[in-house]
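Keeping the supplied structure of chain A fixed, place chains B and C upon it in accordance with the hints.
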Amino acid sequence: MKKSSIMMLTLITALTVTACSSNNGGNNGTAGNNAAGSNAAASSNTNAANKESEQPPAEKVEISISSWGAPDERKVFEAVLDEFQKANPNIKVKFIHIPNDYTTKMNTMIAGNSAPDVIFTSDGDFPRWVKQGAFLDITQYVEASDKLDLNDMWEGGLNRYRYDGKITGTGSYYALPKDIGPTVMYYNKTIFDKLGVPYPSAEKPMNWEQALEMWKKLTVDENGDGKTDIFGAGPIWWEGFVWGNSGAVLSDDRKQFTLNETAAADAMQFIYDLTNTHKVVPDSRALQSMNDGQMFEAGKLATITGGRWMVPTYRKLKFDWDVAPIPSNNGSWTNGWSGSVGLGVNAKSKHPEAAFKLVEFFSGIEGQTKMTELGFQIPNFKSMSDDEVYTQPGQKPEHSEVFIKAGEGQQAGTWTYLPNSKWLDTLNQNLSKFWTGKESAVDFFTKLKPQVEKDLKEGNPELFQ
Amino acid sequence: MSANTVKPAKRKSLYRSEKWWGFLFIAPPFIGVLVFLLYPFVNSLYMSFTTFNFGQPADFTGVANYKRALTNDPLVWKTLWNTFYAALGVPVSMIVSLIIALLLDRKLRGRNFFRMMFFLPTICSMVALAMIWQWIFNADFGLLNYYLSELGLNPPAWLVDEKWAMIAIIIQGVWGGMGVSIILYLAALGNVPSSLYEAATVDGAGGWNKFIHITVPGISPVTFFVLITSLIGALQDFPRFQLLTGGGPNYSTTTIVYYLYTIAFEYSEMGYASAIAWFIGIIIMFVILINFLLSKRWVHYN
Amino acid sequence: MSTTTATGRKVKTGATLANTVVYLLMIIGGVIMAVPFLWMLSTSLKPDGEVFSYPPQWIPSTFAWDNYKLIFTDAHMIRGFFNTMIVVIPTLVIGLFACALSAYAFAKLRFPGRDKLFMTLVGTMVIPGAVMMIPAFIMFKTFGWTDSWKPLIIPGMFGAPMTIFFFRQFIKQLPDELEDAAKIDGMNPFGIFMKIIIPLTKPALITQGILSFNAGYNDYLGPLIYLNTPEKYTLQLELASFSSYYVTEWTLIMAGAVVALIPTLILFAFAQRFFIEGIALTGIKG
Chain A
14 MKKSSIMMLT
24 LITALTVTAC
34 SSNNGGNNGT
44 AGNNAAGSNA
54 AASSNTNAAN
64 KESEQPPAEK
74 VEISISSWGA
84 PDERKVFEAV
94 LDEFQKANPN
104 IKVKFIHIPN
114 DYTTKMNTMI
124 AGNSAPDVIF
134 TSDGDFPRWV
144 KQGAFLDITQ
154 YVEASDKLDL
164 NDMWEGGLNR
174 YRYDGKITGT
184 GSYYALPKDI
194 GPTVMYYNKT
204 IFDKLGVPYP
214 SAEKPMNWEQ
224 ALEMWKKLTV
234 DENGDGKTDI
244 FGAGPIWWEG
254 FVWGNSGAVL
264 SDDRKQFTLN
274 ETAAADAMQF
284 IYDLTNTHKV
294 VPDSRALQSM
304 NDGQMFEAGK
314 LATITGGRWM
324 VPTYRKLKFD
334 WDVAPIPSNN
344 GSWTNGWSGS
354 VGLGVNAKSK
364 HPEAAFKLVE
374 FFSGIEGQTK
384 MTELGFQIPN
394 FKSMSDDEVY
404 TQPGQKPEHS
414 EVFIKAGEGQ
424 QAGTWTYLPN
434 SKWLDTLNQN
444 LSKFWTGKES
454 AVDFFTKLKP
464 QVEKDLKEGN
474 PELFQ
Chain B
42 MSANTVKPAK
52 RKSLYRSEKW
62 WGFLFIAPPF
72 IGVLVFLLYP
82 FVNSLYMSFT
92 TFNFGQPADF
102 TGVANYKRAL
112 TNDPLVWKTL
122 WNTFYAALGV
132 PVSMIVSLII
142 ALLLDRKLRG
152 RNFFRMMFFL
162 PTICSMVALA
172 MIWQWIFNAD
182 FGLLNYYLSE
192 LGLNPPAWLV
202 DEKWAMIAII
212 IQGVWGGMGV
222 SIILYLAALG
232 NVPSSLYEAA
242 TVDGAGGWNK
252 FIHITVPGIS
262 PVTFFVLITS
272 LIGALQDFPR
282 FQLLTGGGPN
292 YSTTTIVYYL
302 YTIAFEYSEM
312 GYASAIAWFI
322 GIIIMFVILI
332 NFLLSKRWVH
342 YN
Chain C
611 MSTTTATGRK
621 VKTGATLANT
631 VVYLLMIIGG
641 VIMAVPFLWM
651 LSTSLKPDGE
661 VFSYPPQWIP
671 STFAWDNYKL
681 IFTDAHMIRG
691 FFNTMIVVIP
701 TLVIGLFACA
711 LSAYAFAKLR
721 FPGRDKLFMT
731 LVGTMVIPGA
741 VMMIPAFIMF
751 KTFGWTDSWK
761 PLIIPGMFGA
771 PMTIFFFRQF
781 IKQLPDELED
791 AAKIDGMNPF
801 GIFMKIIIPL
811 TKPALITQGI
821 LSFNAGYNDY
831 LGPLIYLNTP
841 EKYTLQLELA
851 SFSSYYVTEW
861 TLIMAGAVVA
871 LIPTLILFAF
881 AQRFFIEGIA
891 LTGIKG
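Protein chains in written order, with my numbering: chain A, 14 to 478; chain B, 42 to 343; chain C, 611 to 896.
Pulled out of the complex, with its shape left as it was, chain A reads as follows (with noise of 0.2 Å):
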C-alpha cells in the first residue's frame, strides 16, 4: 500500500513538472509554422473559399473563441463572428458561449491547456491570465496590422492589455480591446424638473463644491417620515475621486500604497462625509439587495455612475434621463476608470494567425461598427467618434458625446494593475469598516498602508527583484 503510493506520488510529481514547464512556451515569431501541415486533409473544402478570397489558396482551418453575455449581448457577437466568416471563407469559428461564471470555467481551461484560440478576457482577468502564460505577445502582429491604427485608438484601452513581465500598462501587446466602457453620471431628468434643479453641464466636470450643492437640493424626504426618499448621487465610486483631485492609489511603480497621501485621502474624506455628514449618498445598509442601478431604475437616485453598457438597459426606463461628466476636482476627465473587454490569442493556439485576424477583426474598423451599431458601446477609434453609427441621432442618451470625452481621459481600474489583486481585496474588505467608521482618511489609510503593502509584495514578488 506505501509503496505503491510513493510511486504514484513520484508519477505525479513527473506529470505536474511537465504540464508547468510546458506553460513557459508557445511564443510567437514562427507561431505561422504550426498552423502549416496539421490541416492538409481540409484543403478540398477550399475551393469555394478561393473566389471570394483573393489570397492564396490557404488551408481551411478551424478557430474557437469564447465569451459570455446576456442573450442580447450573445446576439451581438455571433453577428459579428458571421461577418468574420463571411470575410474569411477559410476559417471556421466554433463559438463556445459561456453563460456566467466565465473566470472559473476560463481558469480551469487555460490551467487544463484547453482554453479556445481566442481568449474572451475582462482587464481584470487579463493581468493573472498573462503572467499565467495564457496569451501569445502579439504585438509584432499589432504593428504589422493595416486594419489597426493605433493612434486612432484609445490609449487608456489599449495599455491595458500590455504586461512587461511585472506590471500592466506597459510592454508588449497581449491582448486588443474589444471596446472600452467609459464611466458617466447618469441623471434622472423627471427628478431635476420636479425639484427645479439645473441640469449638469456636458461640457466640462463640476467641482466637489459645486456637486454637493446640487446633490444636496436633490436629496428629498418626500412624505416627512424622517427617511430619505430620493438621494442625490449613488455610491461614489471612489477611484475616479481620488483621480479628480490628483492622487493615486498605487505608486508609479505600484510598490507603495499612496491612498494616505494628502490628495488621495482628501478625496476619500469627502466621499465618507458625503454620506455621513450631508448625507446625500445612501449608506451601505440600504445598498446591498436593491444596489444603485436598482435604485436608480426605481426613481430613488437623482444621479449615479455608471458605464456605457448600461445604455440598452435604461433606454427601457419609463423617465428621461442624460449622461454628464462625473465630478471632478481639478477639472480633469480622469474623474473615472473605464472597463474594458479584450480579445487575446491563446499562446498554445495552433492557429494563431487565424486568431489573430479575429481578433483584429473584433478591435478593427469592421467589428467596431458592427458592434456599436447594435448598440453596445463606444468604438475603439477617436474617429468613428463623430459617426452617427455611434451617436445614433434620435436615441437616448442626449449628450453621448460625454462617453467619447471620458473615454479619452479615463484609464484603467485599480483591478488591472498588478497580476496578483490581494491587495485589493484587503483594501475593499477594509473600506466598509472605513465607510461606516468614525476614524479620519489620513489616519485610517497610514493605517492600513502595511498591510496591503505586504499583500503588494507577497502576492507579486517579481516586482521588487
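It is worth saying that the hints were derived from the structure and are not from the lab. Note that this is a predicted model, so its numbers are computed, not measured. The beta carbon of each residue, even a glycine, is placed where N, CA and C say it ideally should be. One or more hints might be untrue.
[Claimed, not checked] Chain B is faced by these chain C residues, among others (derived, beta-carbon under 10 Å): (1) I637; (2) A740; (3) G754; (4) M767.
Here is chains B and C on its own, set in the frame of chain A:
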C-alpha cells in the same frame, strides 16, 4: 431493548467465501476512487508542497506553504474561526429538523403538503434563493426589516453589519438546509419497528419515555449520519457566502474554503491554496474520527 | 406495506388538542418556509421596474406572463431539461445500486479491514473540492472526456461515499436473523441483497434517490467546466444565462427558478407515498 441479542462479533460466518463477496461488493466505489479521485488527490497534495501558480515552473518548497498558513497569514485563522462559527448552524438545524420530522411523521391531513414546503429550499436554485435572501435581509428596503420595524423594533443592518452578517447567514443556512435532514429523519422514523412502540404502550410508557427510549436510539444511526455529513458540509461550505455577502464586511463571513478558493482562482496561488485545503481536510478528518469514536456510546444499531 | 408511523400511532385516542398545536406549528413553519418562494413567484410575474418597490408589493400591478414566455425563447429550457435527464438518470440508477450493494457489505458482511476501508471512503470527502477541480479536469482531458457528458455521468455510477454511508447506517439496523435464515436456505449474499435487503431499504433508497436526483439536477459547476457545446448544455447552464456580467434579469431568473422547480416537485410528490409511509419492519418478528 430488542429481542436481537446476537452480537455480530459472535456470529459465525456461514460462508467461507463471505469475505470475497464483501470485497466484490465494495469494489465499485473503490474502483471509482482509484480511477477518478486518486490522481486529483495526490496531485493536490503534491502541489501543496510547491509554489505552483499555473504559470512559472513550480518549485518544491517543502512545508513552506503550511508554515505560511499557520504562522504568517492571519486570515487563515480568522476564516477558520468564521467557519466554526458558521457551523453552529449544524446543531440548531439538526434539532429543529428532528422536531419538524416528528411532527410531520404524524398522520395528519395535509402533511404531504407541509413536507413539500420544508423540502422546497433544497430543490431550488441556490443563485435565485441567494438573491431573494439578500433582499429579505436588506437593511432599509428588505422584507424582514420592514416587518420588524412595523413591530416597533430597531432591526440591524444584517448582511452589511460585521456583527450580524454571520448570524444572518446561519439563519439562511438553517432555513435552507433543514429539508434534507427532515427527509432523512422521516426515513429513519419509518424504520423504527412499530412492535417496540406497541410493547412499550402495553408496558404503560408515556410519550416522552417512548421518545427517549425508543425513538432516539432507533434513529441514532441516521442522526449520526446527519451529524457527520452536516459537519463536513458546514466546514467546507462557501458558495452561499460568496453569493450572499462576498465574504464581507471585513472578511467577517469569509469561510476558510472560500478563502482558499479565492487564493487558488483569484490569486492563482494553487500551491498555497492546496496546503490550506489539506490543512482543513486534516481538521475535518480529526473531527470525524472523534465523532466515530464517540458514536460507540450513543449510536445503536439494533 | 403498513401505513402506521413511528410516533403517530396513538392519534385516535383523544389527541385533538395535540393535533391542533401541531397544525399551528406546521402552519407557522410552513409560512416561514414559503415566504421566499412566494416572493420568488411574485417577482417572476412582475414587470421590470416593479421588482424593488417599497413597501414590499406582493401582488404585481400587472401580471407579466411574458417573463415565462421569454425564458423559453431566450434559453433552450426544454433541450436543457432533456440533457439534464440524460446526465442524471443513469448515474442515479446505477450509482444507487452500487451504493446499496457496497453499503450492505460494509454493514453486514465480514471481511478483513472492513471498517478501515469504510473510513477511507468517508475520508475522501474531507478535502475541499476546489483544489481538485483542475487536476480532475486535466485527468478527464487525458481520457478525452471533455466536452462530453461522461465526466458528469460515469464517476457517479461507481457510488458516492455519502450515499453509501447512509445506506450502511440503515442496513446495519436490520436484524441479522433475516439473513441468517436465508443463508441456511442456501442463498448467497447477492441473493440476500436482492431479495431481502433491497425490499427492506426501500424508504432509504427512495430518499437517497430524490437527493441524488436533486444534486445532479442542480449541479452547475460540473456542466460549466466540462461542457463547451451549447447543444449539450444542461438546464442549469441555460438558466445561468439570465445573470450576466453587467445585467441581472431578476424577473427572468425568478421565472427560470420557478419553472426549474417543477420536475423535482413532481418527483417528490410521487415519491412521497413510498418513502414517507415507511415499512417500519412490520411483519418482521424481531
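Non-conforming hints, listed in increasing numerical order: As far as the earlier hints go, only 3 is violated by this structure.
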